[in-house]
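First to last, the protein sequences are chains A and B. Sequential numbering of the first sequence, starting at 1, is according to the numbering used here. Sequential numbering of the second sequence, starting at 97, is according to the numbering used here.
Partial selection, computed: residues in chain A whose CB lies under 8 Å from chain B:
id, residue
1, Ala12
2, Glu18
3, Ile34
4, Ile38
5, Gln40
6, Thr46
7, Leu52
8, Ala53
9, Leu58
10, Leu71
11, Ala78
12, Asn79
13, Ala80
14, Ala82
15, Val90
16, Val93
Derived from the structure by calculation, the hints contain no laboratory data. All values derive from a computational prediction rather than experimental measurement. Even glycine gets a Cβ: it sits at the ideal position worked out from N, Cα and C.
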Amino acid sequence: MSLSPDEVRKVAELARLEISDAEVDTIARQLNAIVDYINQLQQVSTDGVEPLAHALDLHDVFREDLPGESLTEDEALANAPARKGNFYSVPAVFGD
Amino acid sequence: MLDLTATELLQRQANGDSSAESITQTFLAQFRQHDSRIRAFLHVDEADAIEQAKAIDAKRKGGESLGKLAGIPVAVKDVLCTKGRRTTCGSKILQNFVPPYDAHVITKLKEADAILIGKTNCDEFAMGSSTENSAYQTTRNPWDLERTPGGSSGGSAASVAASQAPLALGTDTGGSIRQPASLCGIVGMKPSYGRVSRFGLIAYGSSLDQVGPFAQDVRDAALLLEVIAGHDPRDSTCVNTPVPPYTAMLDEPIKPLTIGVAKQFFGKGLDSEVEQAVRSALKVYEGQGAKIKDISLPHSPYAVAVYYLVATAEASSNLARYDGVHFGHRTEKFAGLIDMVKKSRGEGFGAEVKRRIMLGTYALSSGYIDAYYLKALKVRRLIRQDFDQAFAQCDVVMGPTSPTAAFKIGEKADDPLAMYLSDIYTISANLAGICGISIPCGFTKSGLPIGLQILGGPFAEEKLLRVARLHERETDWHKRRPAL
Chain A
1 MSLSPDEVRK VAELARLEIS DAEVDTIARQ LNAIVDYINQ LQQVSTDGVE
51 PLAHALDLHD VFREDLPGES LTEDEALANA PARKGNFYSV PAVFGD
Chain B
97 MLDLTATELL QRQANGDSSA ESITQTFLAQ FRQHDSRIRA FLHVDEADAI
147 EQAKAIDAKR KGGESLGKLA GIPVAVKDVL CTKGRRTTCG SKILQNFVPP
197 YDAHVITKLK EADAILIGKT NCDEFAMGSS TENSAYQTTR NPWDLERTPG
247 GSSGGSAASV AASQAPLALG TDTGGSIRQP ASLCGIVGMK PSYGRVSRFG
297 LIAYGSSLDQ VGPFAQDVRD AALLLEVIAG HDPRDSTCVN TPVPPYTAML
347 DEPIKPLTIG VAKQFFGKGL DSEVEQAVRS ALKVYEGQGA KIKDISLPHS
397 PYAVAVYYLV ATAEASSNLA RYDGVHFGHR TEKFAGLIDM VKKSRGEGFG
447 AEVKRRIMLG TYALSSGYID AYYLKALKVR RLIRQDFDQA FAQCDVVMGP
497 TSPTAAFKIG EKADDPLAMY LSDIYTISAN LAGICGISIP CGFTKSGLPI
547 GLQILGGPFA EEKLLRVARL HERETDWHKR RPAL
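One chain only, chain A, in its complex shape:
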């Protein structure tokens, strides 16, 4: 199993990560070394073993539905790279 440069570009696209052509080969080489290492897991027999997503025996944790203090609009927007009024500002989503 090995990732081709094209597959690396595809994964970068899925991850919404711009990588330069110069980076593609390095990343492919490094990811392939890691994937080779990870492939040893295929040697482990896991028939009938349930996946373990986390270590706690907790499911559906609820709390009382009570109103509490929230951030103000200005606090919530304070770190926004761009804002318009009380909204986050982004370039047009539709078009081009």
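Got chain A sorted already, so can you dock chain B onto it with the hints?
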């Protein structure tokens, strides 16, 4: 005063021999004198720290009741949100991020009247084992400035080892507290998953991340854990079970004590000096009446492989929030929304973060999720079952924290896999959700510290600390300080 533990500094204040202000001034002076070489801290606001200390002294003077860490400076890893104070995660993408709230553990420190002395350097988003992945600076090991302090909480570990703070908070996703504690010759502890709230801890691997203490000795680590542990409704994985008073019974040895030693922790790649120091530590326990039992953790050799699928899969989801919209870096020139997101992330993230996002995205992508991600979660259960069986036969499991002492800066920088393998003994505890601690147990001939890792079952922190304390009472490795 720099050699005193937090416990001793509390006593000095109670006796009227020191004030919070004089203590804070002393540690700030140490910071000014040495941090230009060690580079443990990213942000220190000296005037603010002094203000905090003066407020504690005024409270004491006014006869008000004081918290458990009154007047004690605590350094905090820069992945924990501090309201109104920059929190960067060691990343360019959060260069100007100022959180609108405090992490739960920060609230706990404030309630305990601790002094927040500064934010410490770390690998970007806690991804790394040497602190070299910080976008800002490389932290040096106080024992040898050519070497790394370990990581990812290398700044916190170095700050305590260099007496720039008596206590520090780190986070541990695969060993990021225990490994730097080991490499810096101090105590570092990862609590059980669910013991400490992750609210306000900027997420890396959500099913693995835990906040924990760094200290000069086990008593101080127990004290800091006592302050930060406990239920928080804002983290649904933070359990609602009582926090035992960890310091109360600390000097009571566990009797009888059975120590499990797994052959998998003494295999190929373990440095002989490290092995020797760990075997000597086991002898110390035997001398105190402990029984050593050979056990097996047959799936632990797969822990690194499992981790680099589980942690990266979680990271790829968690780091999707850095999109140049809500907070963080936004690129200047772009053509449309998607291009803005891609360029912002491409510019803001460093190489290791990109690598892990890519690996995680790949492991979760259509056609690979069963073979990689789900397979890893199944082996994860087998790793947990190994520990369940081990703790049915013994109280704790012991071994080396890291296969080698501190390695040189740059030594593993171009070989991600070699870097990952430096966490080979610590990672399985995160996957299993159990607790672990690293305590000093010796030095190499060249004078580098060596750590003993002790692992305990889920929520067995009290037992773990008492076992760790027993070694500390019989040895003085923890009292050695680097010549700065």
